[in-house]
Amino acid sequence: MSGLANFNKSEGNTSSSVTITFDWKARHIVITNDSSSRDLEFKFQSGQSYATLLPTETVSLYIHSQTVLLNSPSASTVQYRVWAWG
7 MSGLANFNKS
17 EGNTSSSVTI
27 TFDWKARHIV
37 ITNDSSSRDL
47 EFKFQSGQSY
57 ATLLPTETVS
67 LYIHSQTVLL
77 NSPSASTVQY
87 RVWAWG
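Residues in the sequence shown are numbered from 7 upward in steps of one, following our numbering.
Some hints could be false.
Simulated DEER-style distance windows between Cβ atoms [what the hints assert, rightly or not]:
| hint | residue 1 | residue 2 | range |
| --- | --- | --- | --- |
| 1 | Lys15 | Ser43 | 34 to 40 Å |
| 2 | Asp29 | Ser82 | 26 to 32 Å |
| 3 | Leu60 | Lys31 | 23 to 29 Å |
| 4 | Ser55 | Gly18 | 29 to 35 Å |
| 5 | Ser43 | Ala11 | 34 to 40 Å |
| 6 | Thr62 | Asn14 | 30 to 36 Å |
| 7 | Glu63 | Ala11 | 15 to 21 Å |
Listed next, the in silico PhoX-like pairs over lysine-lysine satisfying Cα-Cα at most 20 Å (straight line) [to be verified]:
| hint | residue 1 | residue 2 |
| --- | --- | --- |
| 8 | Lys49 | Lys31 |
| 9 | Lys15 | Lys49 |
| 10 | Lys31 | Lys15 |
Rather than coming from a laboratory, the hints here were simulated on the basis of the structure. Source: prediction; values computed, not measured. Glycine included, every Cβ here is placed at the ideal spot set by N, Cα and C.
Make a model of the complete structure from these sequences and hints.
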């Protein structure tokens, strides 16, 4: 990926909603659900509906966004990784 000057990662656990905000607008975002048994929901704007990542699933998106909103729909702890380049 030539021409990308910024990289940020956020790795952790959530049992409710979490908002990840970058200091810059990302161009490529990778979201991974590290749970082996629970779903993880994500979206990029508050007005959007959540998309769902199944256990151990990863999505790689070329999207211009400064924010990623994650949610654990089961209210159980879900491990996640979010990597962003911009």
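Hints and how they fare:
no.: 1; hint: Lys15 - Ser43: 34 to 40 Å; in the structure: violated, 24 Å
no.: 2; hint: Asp29 - Ser82: 26 to 32 Å; in the structure: holds, 31 Å
no.: 3; hint: Leu60 - Lys31: 23 to 29 Å; in the structure: holds, 28 Å
no.: 4; hint: Ser55 - Gly18: 29 to 35 Å; in the structure: violated, 23 Å
no.: 5; hint: Ser43 - Ala11: 34 to 40 Å; in the structure: holds, 38 Å
no.: 6; hint: Thr62 - Asn14: 30 to 36 Å; in the structure: violated, 23 Å
no.: 7; hint: Glu63 - Ala11: 15 to 21 Å; in the structure: violated, 29 Å
no.: 8; hint: Lys49 - Lys31; in the structure: holds, 15 Å
no.: 9; hint: Lys15 - Lys49; in the structure: holds, 17 Å
no.: 10; hint: Lys31 - Lys15; in the structure: holds, 14 Å
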